[in-house]
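*Asks:* Letter by letter, the chains look like this.
2 protein chains.
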Amino acid sequence: MARPQRVQIREVGPRDGFQNEPEHIPTDDKVRLINALGRAGFTRIEVASFVRPDVIPQLADGVEVLDRIEVPDDTKLMVLVPNSKGLDNALKVRDKFHEVAIFVSASETHNKKNVNRTVDETMADNDVMAKRIVAEGLDCAAVIATSFGCPFEGKVDLGRVLDLAERFAEAGATEIGFGDTTGMCNPAYASEFFAAALDRLPGVEVTAHFHNTRGQGLANAYAALEAGCASFESSFGELGGCPVPAGSTGNIATEDLVSMFHEMGVETGLDLPRVIEAAREAQSVLGRKLTSHSIVAGPIEWAASPR
Amino acid sequence: MARPQRVQIREVGPRDGFQNEPEHIPTDDKVRLINALGRAGFTRIEVASFVRPDVIPQLADGVEVLDRIEVPDDTKLMVLVPNSKGLDNALKVRDKFHEVAIFVSASETHNKKNVNRTVDETMADNDVMAKRIVAEGLDCAAVIATSFGCPFEGKVDLGRVLDLAERFAEAGATEIGFGDTTGMCNPAYASEFFAAALDRLPGVEVTAHFHNTRGQGLANAYAALEAGCASFESSFGELGGCPVPAGSTGNIATEDLVSMFHEMGVETGLDLPRVIEAAREAQSVLGRKLTSHSIVAGPIEWAASPR
Numbered sequence: 001m002a003r004p005q006r007v008q009i010r011e012v013g014p015r016d017g018f019q020n021e022p023e024h025i026p027t028d029d030k031v032r033l034i035n036a037l038g039r040a041g042f043t044r045i046e047v048a049s050f051v052r053p054d055v056i057p058q059l060a061d062g063v064e065v066l067d068r069i070e071v072p073d074d075t076k077l078m079v080l081v082p083n084s085k086g087l088d089n090a091l092k093v094r095d096k097f098h099e100v101a102i103f104v105s106a107s108e109t110h111n112k113k114n115v116n117r118t119v120d121e122t123m124a125d126n127d128v129m130a131k132r133i134v135a136e137g138l139d140c141a142a143v144i145a146t147s148f149g150c151p152f153e154g155k156v157d158l159g160r161v162l163d164l165a166e167r168f169a170e171a172g173a174t175e176i177g178f179g180d181t182t183g184m185c186n187p188a189y190a191s192e193f194f195a196a197a198l199d200r201l202p203g204v205e206v207t208a209h210f211h212n213t214r215g216q217g218l219a220n221a222y223a224a225l226e227a228g229c230a231s232f233e234s235s236f237g238e239l240g241g242c243p244v245p246a247g248s249t250g251n252i253a254t255e256d257l258v259s260m261f262h263e264m265g266v267e268t269g270l271d272l273p274r275v276i277e278a279a280r281e282a283q284s285v286l287g288r289k290l291t292s293h294s295i296v297a298g299p300i301e302w303a304a305s306p307r
Numbered sequence: 001m002a003r004p005q006r007v008q009i010r011e012v013g014p015r016d017g018f019q020n021e022p023e024h025i026p027t028d029d030k031v032r033l034i035n036a037l038g039r040a041g042f043t044r045i046e047v048a049s050f051v052r053p054d055v056i057p058q059l060a061d062g063v064e065v066l067d068r069i070e071v072p073d074d075t076k077l078m079v080l081v082p083n084s085k086g087l088d089n090a091l092k093v094r095d096k097f098h099e100v101a102i103f104v105s106a107s108e109t110h111n112k113k114n115v116n117r118t119v120d121e122t123m124a125d126n127d128v129m130a131k132r133i134v135a136e137g138l139d140c141a142a143v144i145a146t147s148f149g150c151p152f153e154g155k156v157d158l159g160r161v162l163d164l165a166e167r168f169a170e171a172g173a174t175e176i177g178f179g180d181t182t183g184m185c186n187p188a189y190a191s192e193f194f195a196a197a198l199d200r201l202p203g204v205e206v207t208a209h210f211h212n213t214r215g216q217g218l219a220n221a222y223a224a225l226e227a228g229c230a231s232f233e234s235s236f237g238e239l240g241g242c243p244v245p246a247g248s249t250g251n252i253a254t255e256d257l258v259s260m261f262h263e264m265g266v267e268t269g270l271d272l273p274r275v276i277e278a279a280r281e282a283q284s285v286l287g288r289k290l291t292s293h294s295i296v297a298g299p300i301e302w303a304a305s306p307r
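Sequence order for the protein chains is A and B. Mapping of the first sequence onto full-length UniProt numbering: position 208 corresponds to residue 208, and the numbering continues sequentially without gaps. Mapping of the second sequence onto full-length UniProt numbering: position 276 corresponds to residue 276, and the numbering continues sequentially without gaps.
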């Protein structure tokens with residue numbers, strides 16, 4: 001497949017990144033950082049999660065964040081809901097976002113440890129949720145976690161993952177995100193996987209969500225791109241990870257992904273210096289050195305006069 | 001070109017990595033770290049540089065290091081020489097190493113700033129050195145710095161780089177390393193570049209030396225591999241960089257590269273847990289957190305029970 005000339009990048013740091021931070025991030029800081037991301041040109045940002053605040057206290061201020069952020073009108077805001085109860089809560093503020101993410105783990109063990117239900121139970125709920133989301137006029141994006149491997153079960157069958165994807169599509173999801181939750185994908189498999197997924201899911205937006213657990217996240221993104229994938233998720237500052245198992249490190253860094261794509265001549269619509277600015281601001285809010293590389297080096301244009 | 005099933009990886013940390021460290025590393029520590037690398041299965045390690053000690057004091061103990069390390073008999077040790085004077089000094093201890101690296105920058109400006117000579121002057125000296133190295137029965141590996149771009153001149157012409165490579169090969173170099181000195185390569189260009197280089201240099205070992213300046217080093221390595229490249233250089237712990245310009249960050253991390261290749265089913269002959277152990281030991285010697293990812297996550301086999 002020919003390399004896509006333009007890709008979509010959804011910034012997931014404000015949800016997927018922040019939820020893994022051990023220290024509470026003040027709402028003011030979250031709002032400021034999301035506004036900075038909006039100025040960087042993101043048309044898709046995942047900003048909140050309607051989960052139980054006792055489970056993920058870091059995201060308990062989701063509604064306040066949605067209320068207070070100021071992003072351009074064409075920015076689609078996404079919220080994540082784990083179950084119908086979460087969707088009920090989200091729909092109470094239905095006019096504050098545009099996309100709803102629902103999810104399942106392809107691996108039975110990971111799903112059980114993550115949401116304490118079987119895959120079948122989760123999918124039954126997901127079918128109902130997808131239909132409700134579509135009926136509300138919202139975009140439904142389904143996420144399949146551990147798509148490329150499970151820390152508990154090892155390799156996850158490609159056919160099983162694509163069966164789940166098809167079921168989501170039939171229920172009304174217009175986008176399916178394949179999550180490398182604990183960073184077990186490699187570029188050879190990414191190439192094979194996305195060729196198969198794009199072939200199996202015509203008319204559905206196929207999104208790659210890689211982690212940089214052992215440093216090969218951008219190699220996976222490149223391989224997926226070469227296979228025809230044109231939609232990606234990433235996290236500024238390389239924030240994020242996965243609570244299960246402990247020790248899983250972060251998402252791929254948005255600024256590194258954008259830099260790679262721009263250097264290859266692939267358009268993202270993003271203003272890279274502003275993405276880096278937002279990541280540096282996150283670094284200052286969190287008070288520790290973040291692990292993205294562009295945050296240190298800056299865009300390639302700065303190479304001649306490093307700052 | 002079919003993906004190589006087996007690759008060579010040269011560990012360059014003890015030279016390319018250590019020389020960029022601001023604090024002096026005691027000789028005892030260098031010896032212990034190189035011995036640990038030998039135990040990890042490297043058959044190629046770059047260990048020393050015959051440069052003026054007032055220019056790079058960190059490597060002033062090169063001969064003592066060569067004297068004291070204990071690595072398996074099949075480990076080929078490489079030394080770097082910048083000019084004929086350096087080669088004279090290296091040949092005084094000729095039986096302590098097996099490979100000699102000579103180099104030039106493809107970019108005129110970078111060459112001038114790095115070694116204060118024109119490319120023509122450097123190449124005239126390199127021609128003489130290559131012949132002397134071969135006459136001594138040693139392997140001559142030529143390195144072309146700034147092969148993929150120059151921080152001062154921008155894009156570097158591919159034809160110019162390959163002309164230099166051919167001249168090195170004619171002078172007796174059996175290996176040509178293409179160095180992404182300041183991390184300006186991207187995977188699309190790596191793919192094009194290595195296809196052209198392998199085509200133009202039959203019978204010569206073509207080696208990729210990438211940096212991870214903006215996080216895409218492993219994507220470049222994957223692209224080079226897919227183009228048929230089967231020889232790589234990397235640095236444990238992601239140590240290294242380039243003194244010109246200041247701010248250029250490190251090489252690709254050996255442990256991340258090895259992990260990616262092993263996960264893809266590409267053999268390296270290396271013992272990954274031992275590579276990680278050596279990188280963690282380097283971290284402890286240098287007293288700061290190094291930037292490789294596998295140093296935190298461990299090999300994929302540890303994912304189920306993170307340490």
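Any given hint could be a false lead.
All copies of an identical chain are treated as equivalent in the list; a pair is satisfied when it fits inside any one copy or across any two copies.
[As the list claims (entries may be wrong)] Below are the SDA-like pairs computed for lysine to any residue, each with C-alpha atoms no more than 25 Å apart in a straight line:
1) Lys131 with Asp95
2) Lys155 with Asn35
3) Lys113 with Glu301
4) Lys85 with Ala36
5) Lys155 with Asp271
6) Lys96 with Arg52
7) Lys96 with Val119
I should point out that these hints are in silico values taken from the structure, not numbers from a laboratory.
*Asks:* Please go over all the hints and tell whether each is borne out by the structure.
*Replies:* Evaluated hints:
In this assembly of identical chains, the alpha carbons of Lys131 and Asp95 lie at most 25 Å apart only when taken from the same copy (18 Å versus 75 Å across copies). With identical chains, the CA atoms of Lys155 and Asn35 are never at most 25 Å apart, being 39 Å at best within one copy and 35 Å at best between copies. In this assembly of identical chains, the alpha carbons of Lys113 and Glu301 lie at most 25 Å apart only when taken from different copies (20 Å versus 45 Å within one copy). When the C-alpha separation of Lys85 and Ala36 is checked against a cutoff of 25 Å, the pair qualifies neither within a copy, at 31 Å, nor between copies, at 54 Å.
Within a single copy, Lys155 and Asp271 get their C-alpha atoms only as close as 37 Å, which misses the 25 Å cut-off; across copies the closest is 22 Å, which meets it. For the homomeric pair Lys96 and Arg52, the shortest alpha-carbon distance inside one copy (19 Å) is at most 25 Å, but the shortest distance between copies (65 Å) is not. Neither within a single protomer nor between protomers do Lys96 and Val119 lie at most 25 Å apart by alpha-carbon distance, with minima of 30 Å and 61 Å respectively.
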